[in-house]
Amino acid sequence: MRTLNRTTGFLSFAVAIGVIVVLLAVMNWVPTAFQKDTLRRYRSIEEVSTALNIRDIYVPSYFPQHIVWPPSEILAQGKPFPAVVMEFKDAGSGEIVLELSQSQGGPFPAGPAIALAGIKETVPFIMKGRKAVLVVGECARNEPCSRITWKEGPYTVTALMKAAPFELTRIAESMLR
Amino acid sequence: MIISTFFNSYAGMYVAQSFCHSLIAAIITERAVKAWKVDDPAAQQRFHLIAVIFPIFSFPLYQALNANRSSAQFRLDALFDINRWLNWEIWGAVPLGLLFLVMLIATSLVFLFQESIPVVKHTLESRNAEHDGTQCAPEPFVEKASRDLSLEAPEVLMLDDDEPVLFSTTGRDPVIFISAGLREALTEDQLHAALAHELAHIARSRRPLLITVFVLRAIMFFNPAVLVKFRRAVRDEEKICDDIAVSLTGNPKALAGALEKFYHKPAAPVETDGRKLPAVPLPIEEYSHNLHLESRISRLEHGAARTRKNETALFAITLLVITVLNYFVV
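Protein chains in written order, with numbering that gives the first Met the number 0: chain A, 0 to 176; chain B, 0 to 329.
Pulled out of the complex, with its shape left as it was, chain A reads as follows (with noise of 0.2 Å):
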């Protein structure tokens, strides 16, 4: 008898969990059903731009060769504020290596894939007359990683890599005009 209403107990427990997953999902799939401009993964930067009419779509025209064209992964809304992330995988280990991300509301960042984590150096860096940020420092497994901020128009714009800063700095100033 003991036996079987702990059985009950930990079912009807295993239960509610699983209703407020359910709902918890719900809830969360809601508002992207009836608000088309939050965010949301998108298949190409034309998309991105027909949907959320953001014009300005800082891409780079320089690009190492061993970083695959396109984006591996897009992300995007145009509410609260408009942001655009872009993800960039290495053709030879397929993992990510470049991050490119630009917002109307301060840092936005992507993902797990770039972590920067000991910063050895953080230096002003002057960029076809834009005042950047350039951070220089390591991602896990002591690989070298760098990152640069600026400010575009309305947008903030970082770009964060796992390379020494030289090969950041040529993509980033490609991505102005």
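It is worth saying that the hints were derived from the structure and are not from the lab. Among these hints, one or two may not hold up.
[Claimed, not checked] Computed list of lysine to aspartate or glutamate pairs in EDC-like fashion (alpha-carbon distance at most 16 Å, straight line):
no., chain 1, residue 1, chain 2, residue 2
1, A, Lys-35, B, Glu-88
2, A, Lys-130, A, Glu-94
3, B, Lys-260, B, Glu-162
4, B, Lys-260, B, Asp-188
5, A, Lys-78, B, Asp-188
6, B, Lys-260, B, Asp-147
Since chain A is already given, all that's left is putting chain B on it; use the hints.
What follows is chain B alone, placed relative to chain A:
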């Protein structure tokens, strides 16, 4: 834009996520208590306090474990992202985040006027050595029960009031106050049961863990889910003190009888010009007070079911489920 900027900041994420985490914890603990038929009020209180304490630490803990929890990708793949709702604009103008902020401010005001100010007032009154009321003759029962609870016997003061009033101050020199009206209405056994209940409150108020919980609760002053759950925990405290009182007197019926004296009766129907007007319904607070009293009286009259379970294991499972589930709620 200002509202969304706030909810994207660390402080904003803390406020919004701690609300979600406490709400989910509140629902889960409620289900856990029912599913496992946890009937011991002390155990129930431990479950209810998860929803009060857990959200204080959950967000900083999760962020320390994974700083990328606030990234776009994590939010997109999360089980629930509250920012989707907070950024939602009603009629394209009013963001739900604004209404959420109004709710938090209203909760903060309730906390200030219904919890903080009365507690501060009570503490100051407890420190004040001068108390109104006349000293009652020393009760041998109070002496004995205090010894059983490892307390110094508190003073018992009689208030000149016909209404049933019974409370205690819990400072360094605790005092039990009882109104003359209540003293007269109670039998000897009921009086002992009522005094034992107050002694239990005095004894419990000295537990450092309980004091810590009360202080920590203040951090979540803005959180409506914590407000509700904390009140549940306070009600559990009454039942815990009922059980201690019964263990001191060995007479649950006497305590039930004493509690009945605190029942708020609706005003009697009024007759005007030969026509009888319906009875005035009780205000919601008194109705809720009566409901709580009824449940306490029923426990005492029918004997609280005491099925000892491995409550520590059930508590640990509940806490684990809450911790894991809330990790994916941002």
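Compare the structure with the hints numbered earlier in the document and write down the numbers of the violated ones, lowest to highest.
2, 5, 6
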